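Listed below are the residues making up each chain.
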Amino acid sequence: MIFSNWLRRIDGYALTWRLPVIIWQVLFFLAPLVFMIAMSFFLVKNYQMKEAFEFVNWVKIFSKGYFWSSYGLSFGLAFLATITATCIAFPASYCLAFKLSETARRWAIFFLIIPFFTSYLVRTFSWYVLLAESGVINNIIGYLGIGPIKMLNTMFGTMIGYLTLTLPLVIILQTLSMASIDKNLIEASHNLGAGRVRAIFSVIIPSARIGLIIGALFCFILSFGDFVSPYYLGGSNPPTLPILIIDTTKSGQQWPRAAVIATIMMVTLMLVALSAIKIAYKKR
Amino acid sequence: MNEGQIVLENVTKNFGGSVAVEPINFEIKAGEFLAIMGSSGCGKTTTLRMLAGLETPSSGEIRLNGERMNELKAHERETPLVWQTLALFPFLNVIENVEFGLKMRGVEKPERTERALKWLKRMEIEQFANRSIDQLSGGQRQRVALARALVTEPPVLLLDEPLSALDANLVVRMQSVLTRLQKELGITFVYVTHSQSEAFAMADRVVIMSAGVIEQIGSPREIYRSPASRFVAEFVGTNNIISGNIKEIKGNTMICNTAFGTIESKQEDRNTRHQKGNDVELVISADMIELSQEHTFSENEIQLQFVAEEFTGSVVTLYFEDANKNELIVQKQQREIEPLELTYGCQIFAHWNPINVFCLPDVKTE
Amino acid sequence: MMVNDKSIVWILKIYLLIIFVFIFMPIITSVVFSFNSDRFPSLPLGHFTWNWYDKVYYDSETWDAIRTSIIVALSASVLATIIGFCTAYTDFRYSFRFKNAYLALALLPPTIPLIILALAMLAWFSKLGISGQIWALIIAHTVLGAPFAMAIIRLRLQQMDKDLESAAWNLGASEWATMRHVIIPFALPSIISALCLTMAVSFDEFAIAWFVSGLNKSVPVVILEILQGNVDPQINAIGSFVFATTMTLVVIAQLFLFTKKPNNH
Numbered sequence: 001m002i003f004s005n006w007l008r009r010i011d012g013y014a015l016t017w018r019l020p021v022i023i024w025q026v027l028f029f030l031a032p033l034v035f036m037i038a039m040s041f042f043l044v045k046n047y048q049m050k051e052a053f054e055f056v057n058w059v060k061i062f063s064k065g066y067f068w069s070s071y072g073l074s075f076g077l078a079f080l081a082t083i084t085a086t087c088i089a090f091p092a093s094y095c096l097a098f099k100l101s102e103t104a105r106r107w108a109i110f111f112l113i114i115p116f117f118t119s120y121l122v123r124t125f126s127w128y129v130l131l132a133e134s135g136v137i138n139n140i141i142g143y144l145g146i147g148p149i150k151m152l153n154t155m156f157g158t159m160i161g162y163l164t165l166t167l168p169l170v171i172i173l174q175t176l177s178m179a180s181i182d183k184n185l186i187e188a189s190h191n192l193g194a195g196r197v198r199a200i201f202s203v204i205i206p207s208a209r210i211g212l213i214i215g216a217l218f219c220f221i222l223s224f225g226d227f228v229s230p231y232y233l234g235g236s237n238p239p240t241l242p243i244l245i246i247d248t249t250k251s252g253q254q255w256p257r258a259a260v261i262a263t264i265m266m267v268t269l270m271l272v273a274l275s276a277i278k279i280a281y282k283k284r
Numbered sequence: 001m002n003e004g005q006i007v008l009e010n011v012t013k014n015f016g017g018s019v020a021v022e023p024i025n026f027e028i029k030a031g032e033f034l035a036i037m038g039s040s041g042c043g044k045t046t047t048l049r050m051l052a053g054l055e056t057p058s059s060g061e062i063r064l065n066g067e068r069m070n071e072l073k074a075h076e077r078e079t080p081l082v083w084q085t086l087a088l089f090p091f092l093n094v095i096e097n098v099e100f101g102l103k104m105r106g107v108e109k110p111e112r113t114e115r116a117l118k119w120l121k122r123m124e125i126e127q128f129a130n131r132s133i134d135q136l137s138g139g140q141r142q143r144v145a146l147a148r149a150l151v152t153e154p155p156v157l158l159l160d161e162p163l164s165a166l167d168a169n170l171v172v173r174m175q176s177v178l179t180r181l182q183k184e185l186g187i188t189f190v191y192v193t194h195s196q197s198e199a200f201a202m203a204d205r206v207v208i209m210s211a212g213v214i215e216q217i218g219s220p221r222e223i224y225r226s227p228a229s230r231f232v233a234e235f236v237g238t239n240n241i242i243s244g245n246i247k248e249i250k251g252n253t254m255i256c257n258t259a260f261g262t263i264e265s266k267q268e269d270r271n272t273r274h275q276k277g278n279d280v281e282l283v284i285s286a287d288m289i290e291l292s293q294e295h296t297f298s299e300n301e302i303q304l305q306f307v308a309e310e311f312t313g314s315v316v317t318l319y320f321e322d323a324n325k326n327e328l329i330v331q332k333q334q335r336e337i338e339p340l341e342l343t344y345g346c347q348i349f350a351h352w353n354p355i356n357v358f359c360l361p362d363v364k365t366e
Numbered sequence: 001m002m003v004n005d006k007s008i009v010w011i012l013k014i015y016l017l018i019i020f021v022f023i024f025m026p027i028i029t030s031v032v033f034s035f036n037s038d039r040f041p042s043l044p045l046g047h048f049t050w051n052w053y054d055k056v057y058y059d060s061e062t063w064d065a066i067r068t069s070i071i072v073a074l075s076a077s078v079l080a081t082i083i084g085f086c087t088a089y090t091d092f093r094y095s096f097r098f099k100n101a102y103l104a105l106a107l108l109p110p111t112i113p114l115i116i117l118a119l120a121m122l123a124w125f126s127k128l129g130i131s132g133q134i135w136a137l138i139i140a141h142t143v144l145g146a147p148f149a150m151a152i153i154r155l156r157l158q159q160m161d162k163d164l165e166s167a168a169w170n171l172g173a174s175e176w177a178t179m180r181h182v183i184i185p186f187a188l189p190s191i192i193s194a195l196c197l198t199m200a201v202s203f204d205e206f207a208i209a210w211f212v213s214g215l216n217k218s219v220p221v222v223i224l225e226i227l228q229g230n231v232d233p234q235i236n237a238i239g240s241f242v243f244a245t246t247m248t249l250v251v252i253a254q255l256f257l258f259t260k261k262p263n264n265h
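Residue numbers (my numbering), protein chains in the order written: chain A, 1 to 284; chain B, 1 to 366; chain C, 1 to 265.
Everything labelled a hint here was simulated from the structure, so no lab data went into it.
Quick partial rundown of chain C residues pointing at chain A, CB under 8 Å, derived from the structure: (1) 9; (2) 12; (3) 19; (4) 40; (5) 43; (6) 87; (7) 89; (8) 105; (9) 113; (10) 120; (11) 139; (12) 176; (13) 227; (14) 239; (15) 250.
Derived lysine-lysine pairs resembling DSSO-like cross-links, with alpha carbons at most 27 Å apart: (16) 250(A) x 64(A); (17) 266(B) x 247(B); (18) 276(B) x 247(B); (19) 50(A) x 60(A); (20) 118(B) x 183(B); (21) 103(B) x 73(B); (22) 99(C) x 282(A); (23) 183(B) x 29(B); (24) 121(B) x 183(B); (25) 73(B) x 109(B); (26) 13(C) x 99(A); (27) 73(B) x 162(C); (28) 127(C) x 45(A); (29) 99(A) x 6(C); (30) 266(B) x 276(B); (31) 99(C) x 278(A); (32) 250(A) x 127(C); (33) 183(A) x 6(C); (34) 13(C) x 183(A); (35) 99(C) x 73(B); (36) 50(A) x 127(C); (37) 250(A) x 60(A); (38) 50(A) x 64(A); (39) 247(B) x 325(B); (40) 60(A) x 127(C).
Please read all numbers here as calculations on a predicted model, not as lab measurements.
The C-beta atom is built at its ideal place from N, Cα and C for all residues, glycine as well.
Whenever a hint applies, use it, and build me the whole structure from the sequences.
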């Protein structure tokens, strides 16, 4: 009875539009991730993966010193990139949001979208050429009598790569959140005698908090998951977690161990995202 | 039984937990121009949307020509609607918009064009047939919306505040277009509006709704001259509503004690249903009060002080107070008050005929 | 105070300019270097040359990669746009229980690092037995593109008068006819935008492609492999070609997204 009622209430039209994304994402987005987590418990024997439920891979990974140094490095680099990108982006976003016309702001955002659609690999290669010991930048400062400075294969190189990847997105998110602040609020704080700096800290940062934190969060996610910059610009010594995943998968054929690393990365990111969202939306 | 073309029987509508329409009952006769009037959120638009099949009644029955319509899908009905937003298709030009209903009914292209053109001519916009919608003025879009709704020659046309976006002078022009169209076509118009002037200017009958309940149904004249509830009295026209207590009932005459002293009301069948001692409210329409400089009547006259005035076109709204600061509003034509030589603070006598004094609430016979 | 104010604004604008230079420097230099004769570019620049483009042009591996990229980008963009449209319309039209979970499922992929998705998809596709086939790449890029398509089409539907759909039913169009004659025509500019943008996303993605493509290498995978070898300015030539292609797609997408404003007052 209840079932037939339920059957009659099925709306074929509504389901036609609702189901495709569910089916597709469950089959090809959720299932791979779940399978990957399951795979972290599989065994490898004679270069063959065998389905099992053993903690061997987890124990192996957790007991390796190089894993923990990679983890610390990845987290530290991503965190540093997040702080750097947020601070570097803020004055630029402030200028875009408050000191430029609506048209200029729209053009600027259009230009900030462009980098998303240019090959990150090619951009990294450009930096590789620019930052090299005999590269263009050392050429220029050489004319000034400085250098050459070693920039490639250093943490500085990695940071340049991370910023190339994340800065446009961080600026866009910061600008959008600041542009939507009620201008009267800022006027009011000026009227109450707050100087520019006071207005920034007492009005603008609290009001744009959500955008600032979401921007920072995306910066962290992108940096934490990127393997190109730490490899080609940072020299991969020691490797970051994504590089470790690639090495373990591609050369070692140790997919289950790579899955352990990937799962740990996912859990880390989830915790970071949850705490970021909690900070962003907490009541003051 | 000979029932109306459209019948609503105990129709209700709930959205989630909130009630939009309480059980309502009324009939619409074929060829009638009916207005449903009320402020926003009163349930008038929900009622109209139920007629169009865009909302399903929660209970009750809607019948068209005696047949139950509740389960009929919106696209299976012949009840086109003219929308408040007009809802013209921005990606179609004028004639394609008008042809839409015919296309959906499988009418072939040549016939479609011919019939659409006929309606564009009728609405005097055939020269814009190939224009896009955003090149038209507000009034022209209005005409496209009407042509689009009428092209299938339906028995009923529903209109949801179609004139609310127009300039005041254009509203008056479109009102006459609509009334003439309705008379010529002889079809039923159901017109939802919050504007009293629109409803009273065009409709044969008006339904007044408030908070999902029908307050009164009647011709504009009936509603204007004898409001059935305090809500209607406040909503239509400018009325003085005076609280009082029934002192005496003699036949159709009722005498009440009020802040202005005793006031007499003379009503054919209405007053007999009240009882002595009841608290009531008396309604005197602001334009039914006569003013004079001298004391002329011994009854139904009070002395007042002139406090303020407000011009709205040729009509002037005058505000008076008695010695105890009770306010009375009077509406007069500008030329009528000139001989009175009113100055602020001057004393004046107000008089009315007891047959224009109504008693609220109107107690209905069971 | 006023003078102070003006100078601060100027300092901010110069700062903004420096940031833009930083962001666009690698893009511009890659185009410049692609015409530069030096194998390892430094100042002063060498002479103008088509040499690197010639090398790419006569390299059959590049052409195979371009063919793969085009097939994958076209198929994935069509699939992603269809899925994105369905999701956007569902979000626009319906409210239902678990809608938040539904939207989360639809919009989550961009928040998972590509390297993790790459490993997960490699494992899953191997299990399904399609790893290394072009299908694997198409499916993966559809997952990545669908959220973007959904967001773009949803924005357009946001601009639609909600009465438009009801008006079509009222004029005798069934839900399906309304979809065909009203919703799709209205959303068409955003559908074209979504096609272009998801194509661009697919054309640039390298991490998953590298893991699951097997021998069907796409253009970014070829770049990655050249990058792993020696310094070779061929990358700049291919990169400039990819850049030109995706930019064309992005500009078309933006044109459709922003110039056709709806008019339904």
